[in-house]
Structures are given as C-alpha cells and as structure tokens.
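Asker: Protein chains in written order, with my numbering: chain L, 227 to 330; chain C, 115 to 590.
Among these hints, one or two may not hold up.
To be verified - Distance condition first, Cα-Cα at most 30 Å in a straight line; then the derived BS3-like pairs of lysine-lysine:
#1 LYS259(C) with LYS123(C)
#2 LYS544(C) with LYS318(L)
#3 LYS457(C) with LYS169(C)
#4 LYS260(C) with LYS210(C)
#5 LYS260(C) with LYS318(L)
#6 LYS318(L) with LYS531(C)
#7 LYS318(L) with LYS457(C)
#8 LYS369(C) with LYS457(C)
#9 LYS544(C) with LYS369(C)
#10 LYS259(C) with LYS552(C)
#11 LYS279(L) with LYS207(C)
#12 LYS207(C) with LYS260(C)
#13 LYS369(C) with LYS318(L)
#14 LYS139(C) with LYS260(C)
Just so you know, the hints here were simulated from the structure itself, not pulled from any lab data.
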Amino acid sequence: MNTIPLTHILFVSTALFFIGMYGLFTRRNIITMLMSIELILNSVNINFIAFNKYLHPANLDGVFFTIFIIAIAAAEAAVAIAIIINLYRNHKSIDIEDAAEMKY
Amino acid sequence: MTDFFILMKQELIIMVIIFILLAIKIGRYRSNEWLLDMVNLLLLVNFAAGFFFNKEGMLFNDMFRTTSLIVLEKNILSLGILIISLQSYSWLKNHKHVLEFYILLLSTLLGMFFMISSGNLLMFYLGLELSTIPLAAAANFDLQKKKSSEAAMKLIISSAFSSGLLLFGISLIYGTTGTLTFTGITTHITHDPLQLFAFILLLAGFAFKISVVPFHLWTADVYEGSPVAVTSYLSVISKGAVLFVFVSVLYTVFKPISDSWYNMLFLLSVLTIIIGNLFAIRQTNIKRFLAFSSIAQVGFILVGITGTSQLGTTSVIYFVLIYLFSNLAAFGVVSLVSAATGKEDINDYKNFYQTNPVLSWVLAIGLFSLAGVPPTAGFFGKFFLLMSGAGQGNYFLITIAALNMVISFYYYLRIVKAIFMDANDHPIEKLAIPGFPKIALYMCVAGIVLTGLVSYLYDHIHSLTQVADTVPFIGK
Chain L
227 MNTIPLTHIL
237 FVSTALFFIG
247 MYGLFTRRNI
257 ITMLMSIELI
267 LNSVNINFIA
277 FNKYLHPANL
287 DGVFFTIFII
297 AIAAAEAAVA
307 IAIIINLYRN
317 HKSIDIEDAA
327 EMKY
Chain C
115 MTDFFILMKQ
125 ELIIMVIIFI
135 LLAIKIGRYR
145 SNEWLLDMVN
155 LLLLVNFAAG
165 FFFNKEGMLF
175 NDMFRTTSLI
185 VLEKNILSLG
195 ILIISLQSYS
205 WLKNHKHVLE
215 FYILLLSTLL
225 GMFFMISSGN
235 LLMFYLGLEL
245 STIPLAAAAN
255 FDLQKKKSSE
265 AAMKLIISSA
275 FSSGLLLFGI
285 SLIYGTTGTL
295 TFTGITTHIT
305 HDPLQLFAFI
315 LLLAGFAFKI
325 SVVPFHLWTA
335 DVYEGSPVAV
345 TSYLSVISKG
355 AVLFVFVSVL
365 YTVFKPISDS
375 WYNMLFLLSV
385 LTIIIGNLFA
395 IRQTNIKRFL
405 AFSSIAQVGF
415 ILVGITGTSQ
425 LGTTSVIYFV
435 LIYLFSNLAA
445 FGVVSLVSAA
455 TGKEDINDYK
465 NFYQTNPVLS
475 WVLAIGLFSL
485 AGVPPTAGFF
495 GKFFLLMSGA
505 GQGNYFLITI
515 AALNMVISFY
525 YYLRIVKAIF
535 MDANDHPIEK
545 LAIPGFPKIA
555 LYMCVAGIVL
565 TGLVSYLYDH
575 IHSLTQVADT
585 VPFIGK
C-alpha cells in the first residue's frame, strides 16, 4: 500500500500555520482572530503526530504533546471568550478597531 | 515518597494555599480585612518555607528537577508576590472578589514554579501556559473599566499567538531531534537550518513573554489598562520567571549553537534598549512610562545574557532581584496614588513632595535604582550585567548600553524633578498609608539599599550558579 510521504503532511501543516498567521493579522473580528490562533495550534498538532508516526515511532512523546495542546487550547479559548464577552459589554463591539482606548 | 514531598515542597505549598482559599470561599462570609490578613499571612508562610528542607534532585523521569539555584529563584518570586500582595491592600480592600484574585495569581505562580523546574519541553510548555492564561483573567479584574477589558484582550490574543509560535518551534525541534527532554536536545542540536529555524521560533515565543523589542507592542497597552497590582505582577514576577528559564535554556539546552544565538541576542538587545528608551521619553501616563522603562531594562538584561558565562547567570538573577525591589517601590507608590485618587498622569505628580514626603522619597529611590545611580543597588546590578556582556569582547554593544544608561537618566530624573521641583497648584492630597503597603514600601527601600551594599548576596548567587554550571543536570 502506498503511504503518503512525510513532506506532504508537513506541507499541509506549514500552510495551515501561515494561513492562521495571515488570518490573525488581517481579520478585525476578535472571534475570527481566535479561530486563526486555533488554526496555528492545529498545524502544530499535525506536525507532532506526523513526526511521531514517521520519524520517531518508538515512543509516544508527540501524541502526548498533542493531547496536552488540545486541552490547553480549550482552556485558552474559554478564558479568551470570557474576556471577549466582557469586552463586548464595555465596548458594544467585538471589532478590534473599536477597542482602541490606548495607543502608542 | 518523602523525596517527592521535599523536592516539590514549594509547588505543594502553593497548591495547599489555593485549596485553603477555595475552602474559605465556599465557607461563610468574611470581611475583606480578615481575608487580606489571612492571605498575606499565608504568603508570608510560603516565602519563609522556601528556606527550609531544601534538597536537590529530580522527579518524574527528569521532567521536574530542583537545584539550590532553582529554589533561590522561586524564593525571589515568592518574595515578589508577597510584596505585591501587601501593596495592593488598599485596592483590594474595597473589591468584591478578593479571593478569586489571589487564586488567579497563585495559579500563575504555580505555573512559573513548574516552568522554572522543568526538564522537559512538555513540562515547560504546560508551566508557561499555566502562568499566562490566568494572568489574562487577572488583567480583566476591573470588570467595568473599558481599558481593563481591552488590556486583557490584547494580552490573551498576543500570548496565545506567541505560544503558537513557540509550539511550532517545539514541534520542529521534536521532529529533528526525536526527543523532548532538555538533555536529549542538547546532545542532538546542531547548526542544521531547520533546527535554527525552530530555535528562532522558540526565541520569538520567549521574546514575546519578556517583551523584547520587535515583540513588545502589547506591553504598554496591557500595563496601562490592567489594575496596578496586575501590572506590577506582569512586569516583575512573570517577566522574572521567564528570564530565569530563558537564561538556563540558552546556557544549557542551546549551548551547542551559542555562536548563532549570540548574534541574535546582540541585535535584539541593541534594538530593545534603544527603542525602549526612546519611547519612554515621550510617555505621559506613569504606568505606560514604567512599561517602556521595563522594556529598556530587559534590553540591559539581554546584554548580560550575551556574556555566555557563569557571570551571565549570576548577574541576571542578581539584577532580577534588584529590579524586583526597585520596580515594586515605584509601582507601590503608583498603586497607592491610583487607588486613592485614580490619577495616573505624570503631570499629576508635580509637587508631590509637598504633600507626601515619604512616598516621594520611596518613588525617587526606586527611580534612582532603576536608572542606576551609584549608592542604590541598581547601579551594581547594571554594572555586573555590562561586565558580563564585556566578557565576550564586544565593546560596541557595551558602548551602546552605556550611552543608553545616560539617556535613561534623562527620563527617570524628569519624574524626580516633577515630584520635587515643579510648581503645581493642585498637588495630590495627603494620602493615608495603611499598615501593609507601608511595610511593603519599607521592604522595597531596604532591599534597594541592602542588595547593593551586602556583597554576601551576590557571592551567594555566584556560588550557586557555579554548581549549576558544572553539573547542569544532576543525576545524569
């Protein structure tokens, strides 16, 4: 059976990483920015799994790391969304351009 | 089994304190004064307990390790959180959620302890996240203030992004070396381009947390918007903890590629000092001003780190201790003024001396120490940092750092001038200083004077770093 080469998977994960980065820098809606950060974290997850399966199958370091990243990303999203809700109550908007009380 | 309790002593104490606070929270109603007394007592116990029953060793297959140096670093952080807690008394006295605030701060402290003790990138990452996520919630603690929620949003987005960069770096390091332990990485790391790329991502993650210049943009906004207690915590404790880890990771894990990271640090430190200084000159809000001054201070610390020697580790830890006292002296006064009057503008501080002579002197001594005027400890701290940097023979870097020290005198002394000399028809009225903040301020002033003059402290840190340098990983 033909297996997918490692480089293909790394290409996908790197593309995902930079798509996330692009989204974070261009989107103005805070929820979408949070989604972009999730993309970055998921690209890291793909990296870990691929490296573990293809290069270092002897132990499961990469898989464990992935599980921890998923858990922490959930915690981070929970806190971030709580903060965004509070921001919405204060600013009546979740557009990042409107949250400009402080500059320079 | 007893090993487990002794080696993880400091972490276990923090956990016990968190559980005690939770138990108090679900118990019957207590007044804020009672709660604050209780919390400060517990933090004092935590600080004192750090000095007893110390042992070196490692746990969980080298995931967690402790040396005398690490114990000392944790004690410095415990001292810092005690001083901050004493200082924020007047702000928290009228706050509805005292215990939640302490639970958040102590969880971040627990994260920092795990991060400092980590011997594995997984443990390091978990500690780092535990030390940043609750901090964002704490930055939002003035729930009704627009600025506070904006600061928290900026902190959580930028720290999530920086940990994303860090994780991508870690994943590439895992791919190229096949291991996550620090010892394993040291033996496998080379100048392979992919590994250097991974290292740069890792460095970017660190640089975000200690606000080194290209990654510093969140600092001023978050410092200005957060409550003063959280600002001082961010600028002293969380920065100090990441610096401790940064030094040990660079000096032990990435020692084989030290010639590569030397050039990166050289560039970053020059940028950080210059931009931190230039932006500090034009600030009018005192918290923003202290934010940029702390960026510039980190630049000086990076000069010390470029030394790549035992002196580097010693001078960084010594400077963080001094920086803790000096910055907390300044923030202590700012938090008292801000809690009583809500004024945070530098112009409001004009003629502060006329109404509040004691606070003026504390603020002035703190600023002198931050600037590095000789009798205060700040001078010795910066002197050792520059000496460590000079060990590499790069006198261009030292010249830039020394010139920037002169520039920094201008903006620190500008505030001292405003306090003592400028005329003002409506100076800040005379403030009553409650007992706890007063103790904290005296501790800071004593620390500023004594850390510089008592050479035992420096020698003690130096003797500990010697051990850490020759035997980087005990048990191996």
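Asker: So, for every hint listed, does it hold in this structure?
Answerer: So, going through the hints one by one against the coordinates:
no., hint, in the structure
1, LYS259(C) with LYS123(C), "violated (38 Å)"
2, LYS544(C) with LYS318(L), "violated (38 Å)"
3, LYS457(C) with LYS169(C), "violated (47 Å)"
4, LYS260(C) with LYS210(C), "holds (18 Å)"
5, LYS260(C) with LYS318(L), "holds (10 Å)"
6, LYS318(L) with LYS531(C), "violated (42 Å)"
7, LYS318(L) with LYS457(C), "holds (26 Å)"
8, LYS369(C) with LYS457(C), "violated (47 Å)"
9, LYS544(C) with LYS369(C), "violated (54 Å)"
10, LYS259(C) with LYS552(C), "holds (27 Å)"
11, LYS279(L) with LYS207(C), "violated (55 Å)"
12, LYS207(C) with LYS260(C), "holds (22 Å)"
13, LYS369(C) with LYS318(L), "violated (50 Å)"
14, LYS139(C) with LYS260(C), "holds (28 Å)"
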